[in-house]
Amino acid sequence: MQRIYLDHAATTPTSPEVVKAMLPYFTDAFGNASSIYSYGREARGAVEEARTKVAELIGARSEEIILTSGGTEADNYALKGVAYANERKGNHIITTSIEHHAVMEVCKFLEKRGFKINYLPVDKYGLVDPDDVKRAITDKTILISVMHANNQVGTIEPVEEIGKIAREAGVCFHTDAVQTLGHIPVNVDKLKVDLLAISAHKFYGPKGVGALYARKGTRLVSFMHGGEQEKRRRAGTENVPAIMGLGKAVELAGQEMGEEAERLAYLRDKLIKGLGEKIDHIRLNGHPTRRLPNNVNVSVDFVEGESMLLNLDLEGICASTGSACSSAILEPSHVLLALGLPPEQAHGSLRFTLGRENTEADVERVLEVLPGIVARLRAMSPLLKTQK
Amino acid sequence: MPDPWSLYSEKVMEHFKNPRNVGEIENPDGVGHVGNPVCGDIMELYIKVNDGIIVDAKFKTFGCGAAIATSSMVTEMVKGKRIEEALKISNKAVAEALDGLPPVKMHCSVLAEEALKSAIENYLNNSPSPP
Chain A
1 MQRIYLDHAA
11 TTPTSPEVVK
21 AMLPYFTDAF
31 GNASSIYSYG
41 REARGAVEEA
51 RTKVAELIGA
61 RSEEIILTSG
71 GTEADNYALK
81 GVAYANERKG
91 NHIITTSIEH
101 HAVMEVCKFL
111 EKRGFKINYL
121 PVDKYGLVDP
131 DDVKRAITDK
141 TILISVMHAN
151 NQVGTIEPVE
161 EIGKIAREAG
171 VCFHTDAVQT
181 LGHIPVNVDK
191 LKVDLLAISA
201 HKFYGPKGVG
211 ALYARKGTRL
221 VSFMHGGEQE
231 KRRRAGTENV
241 PAIMGLGKAV
251 ELAGQEMGEE
261 AERLAYLRDK
271 LIKGLGEKID
281 HIRLNGHPTR
291 RLPNNVNVSV
301 DFVEGESMLL
311 NLDLEGICAS
321 TGSACSSAIL
331 EPSHVLLALG
341 LPPEQAHGSL
351 RFTLGRENTE
361 ADVERVLEVL
371 PGIVARLRAM
381 SPLLKTQK
Chain B
1001 MPDPWSLYSE
1011 KVMEHFKNPR
1021 NVGEIENPDG
1031 VGHVGNPVCG
1041 DIMELYIKVN
1051 DGIIVDAKFK
1061 TFGCGAAIAT
1071 SSMVTEMVKG
1081 KRIEEALKIS
1091 NKAVAEALDG
1101 LPPVKMHCSV
1111 LAEEALKSAI
1121 ENYLNNSPSP
1131 P
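These protein sequences, in sequence, are chains A and B.
For the first sequence, the numbering used here assigns the number 1 to the initial residue and increments by one for each residue that follows.
For the second sequence, the numbering used here assigns the number 1001 to the initial residue and increments by one for each residue that follows.
Worth flagging that the hints you see were computed from the coordinates, not collected in a lab.
Each pair of labels, with its calculated beta carbon distance range: (1) B:N1036 - A:R283: 18 to 24 Å; (2) A:V221 - B:E1010: 47 to 53 Å; (3) B:K1092 - A:V221: 46 to 52 Å; (4) B:E1010 - A:D189: 53 to 59 Å; (5) B:G1080 - A:R283: 41 to 47 Å.
For every residue, glycine included, the Cβ atom is placed at its ideal position computed from N, Cα and C.
Please construct the entire structure, taking both the sequences and the accompanying hints into account.
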């Protein structure tokens, strides 16, 4: 059976060109980037070349790029790094109720250690109100963290406006750009951010590598202690092949992003429209226009997400859900609940995230298969009857 | 094709794909309604009882793969059983009959047991004389 992968927000296939760029650094140019002989210098050159590519794509200087093991580490570093560097200045952090766990769980960790966290609400589309940010700032505020775009519902946040507010108040501003970098333009000066988290495997790079942009002058405590790598901020021998992969993925994204975003937005809109036409009692989650070009998130009334996913998987279609029937807490996605969805609609959510290898035929296949799945599950749903 | 990393056993998937006894029973002798939308599983179980024997059982379920499979399995298990035997069906028995459930899904088998007990209780409360 031909499989259709529609979960690019979870991860993307590593581009063959990226793999090609990585390979020599496993075997031939295997040196430790800290060594002074030729092998080491080759590795150092590769690391710095990749760093420069990342910096160029986001309008930063290469010395402002800290290479990490991925988006989660970058977010952890940003939050803990700023929190512990500014303990004497203040203990207040402003974030939102829809952040990725890589930010939210760090906030909860810091909360237990005496930091005060504001989790700002969002509107029904998932948008944060910049005025809420402004009102939440106190003289103890040391950090604002608002994601660039939400990973579940695809809503693009007003980061630029919030950046302006943060700058006026003199508060450090972090954004999780894991879902946006390589997909839509990201420029640290335009967004007015001081910290920005990046993950390579979300844009056809390898897993296990990412970066944290930290604007010059941003005070951070070291994340990993050991050797002198990354100016002692993040010790550990550089993962040179992965870093090369990050660099190549960034380079390719810079070349292809614009056209690809347009192509994906067309497929996205076709899928959204088609689902609305073919399935009744279905609604789009997230913002109708301020939306990632590849994200479709819908709630299908009267049916549960995992049972839809399993049925789609039987047809070779890979998607995702905000239902947490499989998690220990049994609560649906905190993002969908923050948007105001009742639990049964949050449990009935489906996310399709499109990518490079998807075609119009893939969208048509989903539109052909899903209505039947929904009808079959609705026939056994006790919720439908009560609505009659 | 068996998939060793699959969340569910082949038996669970078989019941998920072809659930037995889906629907409602008209004029049932007992109805059980358990679960809630917050946890994402709602089960309704209907039974028809003749001379103290469950002669038919049907279900309607909103929930994940395990919720649907345990509903299907519990209806299969109770059919033809005496009320007192049916009351002894435990969630573990339902899970075992499905060749096991992942630990995070055991609550679905609990729900199936509760749905059955609640349907039987409803029947016993409604029946004019003890079976």
